[in-house]
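**Q** Letter by letter, the chains look like this.
Protein chains: 4
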Amino acid sequence: MDRFSVTITPRFYETDALGHINNAAIAAWFEVARIRFLESLGENRPETASDWVLANIHIDFLLETFYGSPVEALITGVEVGNSSLTVSCDMMQNGRVTVRGRAVLVHRDPLAKRSTPVPEDLRRQVAAYRA
Amino acid sequence: MDRFSVTITPRFYETDALGHINNAAIAAWFEVARIRFLESLGENRPETASDWVLANIHIDFLLETFYGSPVEALITGVEVGNSSLTVSCDMMQNGRVTVRGRAVLVHRDPLAKRSTPVPEDLRRQVAAYRA
Amino acid sequence: MDRFSVTITPRFYETDALGHINNAAIAAWFEVARIRFLESLGENRPETASDWVLANIHIDFLLETFYGSPVEALITGVEVGNSSLTVSCDMMQNGRVTVRGRAVLVHRDPLAKRSTPVPEDLRRQVAAYRA
Amino acid sequence: MDRFSVTITPRFYETDALGHINNAAIAAWFEVARIRFLESLGENRPETASDWVLANIHIDFLLETFYGSPVEALITGVEVGNSSLTVSCDMMQNGRVTVRGRAVLVHRDPLAKRSTPVPEDLRRQVAAYRA
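Protein chains in written order, with my numbering: chain D, 1 to 131; chain Z, 1001 to 1131; chain L, 2001 to 2131; chain E, 3001 to 3131.
Hints in this document: simulated from the structure, not taken from any laboratory.
A quick note: this is a predicted structure, and the numbers were derived from the prediction, not measured.
Using N, Cα and C, we set each Cβ at its ideal position, and we do this for glycine too.
Check each hint, because a few of them may be wrong.
As the list claims (entries may be wrong) - Computed spacing ranges between beta-carbons, pair by pair:
| # | chain 1 | residue 1 | chain 2 | residue 2 | range |
| --- | --- | --- | --- | --- | --- |
| 1 | D | GLU72 | L | GLY2077 | 44 to 52 Å |
| 2 | L | PRO2110 | Z | ARG1003 | 40 to 48 Å |
| 3 | E | GLY3042 | D | GLY19 | 17 to 25 Å |
| 4 | D | VAL53 | Z | GLY1095 | 18 to 26 Å |
| 5 | Z | THR1007 | L | GLY2077 | 41 to 49 Å |
| 6 | L | LEU2018 | E | GLU3120 | 19 to 27 Å |
| 7 | L | THR2007 | D | ALA127 | 50 to 58 Å |
| 8 | E | THR3116 | L | ASP2121 | 34 to 42 Å |
| 9 | D | GLU72 | Z | SER1115 | 21 to 29 Å |
| 10 | D | THR116 | Z | LEU1111 | 52 to 60 Å |
| 11 | E | VAL3053 | D | GLY19 | 17 to 25 Å |
| 12 | E | GLU3120 | Z | GLU1039 | 44 to 52 Å |
| 13 | E | GLU3072 | Z | PRO1117 | 23 to 31 Å |
| 14 | Z | THR1007 | L | ASP2121 | 29 to 37 Å |
To be verified - If you want the footprint, here are the derived chain D segments under chain E, 3+ residues with CB under 8 Å:
| # | stretch |
| --- | --- |
| 15 | 8-16 |
| 16 | 26-32 |
Produce the entire structure from the sequences given, and follow the hints as far as they go.
**A** Written out as structure tokens, the structure reads:
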């Protein structure tokens, strides 16, 4: 079982007037985690940037996230469909899961402009992250 | 049936290197639509800012959204639970729905720090927006 | 004397934990004002997007800007250099100037990748905005 | 001579349709560098968050900054006035200075709501960073 995580240091401008990190900043962090995860697999290099299209995101805000302590965004599972990846991610701060996200990314042929099967070797690589 | 929408003019910095509006900017627009909708109902005034807590969001990215044309974020339905509202929102650009969002907001007693029933008059008001 | 302004409705996520609009959001609004101003002059169309390069910005934060009231970003003057424009902008909320910005934009030949003189007709157009 | 720097990994959503990091993201990074610098000096703790007010920023965009390589934001000098600090910061990517920023921060008595002299011990601390 492989493990991939990104440490995010909350930035002051990501707080809002309620005193915590704003939900839109957390949606942005989720992109950071997803993209770095794909990059760790050799995907999403500049020359293939349009290979993965975001179909949807779902984010559960379980607890407030605050400025002042690091957040670990951990990829907790990847499900592989025919031409898509469903990437799950937990964000933890001070030992508690504060955010739980799930995103569906569709593999796309940038020339043909349509979805295309997830390559076999990527399929094997992400198997190690299956929940 | 009441209708509530917000017009958003995409900003250049909301684009990304793929040439379209970035998904994190769209999550942020969804907050704009939700909050202005609550404000239109007399909720979420500064003095009661902590009355509604975002429990989760789900966003389907149906088509790319681009810089250069206005986006209409339309509240397409509100479901009322015991102490929550589920707010649905479509974003349209150039006559096509590009984004479909759904958010669950929990009504919260800021002093007792726990969820509390949706007030009767708000329940009546939002009934008009039910899908 | 021509007048160009953009009305910006502050967004909740643009506040920070100090309860006001964060300075980075204001830098972003300044881009909105500059780009819409250039667009109003027929510049900065998608096909010529790389014609203007931002050389520098200076922003004075005179008073706090808050969520809840519209902000008018007014172009208060444009100085034309050989190959640059210096655009000044005041942001007003509730009748008071809260932000004063100044940006230098360099006109650039995207093919030759070097600065190039401001075209004569643009020079005439912006003369009307000189402070 | 002390040295303080923050390493920033550019995020994909911070790019814009011109393919580089947007200027508003860079203004936001500058806040990250300033605040972490103040925190490193024992200032700007949550309980004293309103002690430093941003009076102005000036940012020179010397070269484009890109996604894909880390940026080092280095505090290059601090000038101390009676009740203000002028903090200079260079951002470097791939061995070249791409951004040069300067911010004036005013020390403020949050109760009296007016500017107040920079404390002597802070004055001594920042002397080490003078350009």
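**Q** Confirm or reject each hint.
**A** Hint-by-hint comparison with the structure:
no.: 1; hint: D:GLU72 to L:GLY2077: 44 to 52 Å; result: 49 Å, holds
no.: 2; hint: L:PRO2110 to Z:ARG1003: 40 to 48 Å; result: 44 Å, holds
no.: 3; hint: E:GLY3042 to D:GLY19: 17 to 25 Å; result: 22 Å, holds
no.: 4; hint: D:VAL53 to Z:GLY1095: 18 to 26 Å; result: 22 Å, holds
no.: 5; hint: Z:THR1007 to L:GLY2077: 41 to 49 Å; result: 30 Å, violated
no.: 6; hint: L:LEU2018 to E:GLU3120: 19 to 27 Å; result: 26 Å, holds
no.: 7; hint: L:THR2007 to D:ALA127: 50 to 58 Å; result: 52 Å, holds
no.: 8; hint: E:THR3116 to L:ASP2121: 34 to 42 Å; result: 52 Å, violated
no.: 9; hint: D:GLU72 to Z:SER1115: 21 to 29 Å; result: 28 Å, holds
no.: 10; hint: D:THR116 to Z:LEU1111: 52 to 60 Å; result: 55 Å, holds
no.: 11; hint: E:VAL3053 to D:GLY19: 17 to 25 Å; result: 18 Å, holds
no.: 12; hint: E:GLU3120 to Z:GLU1039: 44 to 52 Å; result: 47 Å, holds
no.: 13; hint: E:GLU3072 to Z:PRO1117: 23 to 31 Å; result: 52 Å, violated
no.: 14; hint: Z:THR1007 to L:ASP2121: 29 to 37 Å; result: 32 Å, holds
no.: 15; hint: 8-16; result: holds (count 3)
no.: 16; hint: 26-32; result: holds (count 3)
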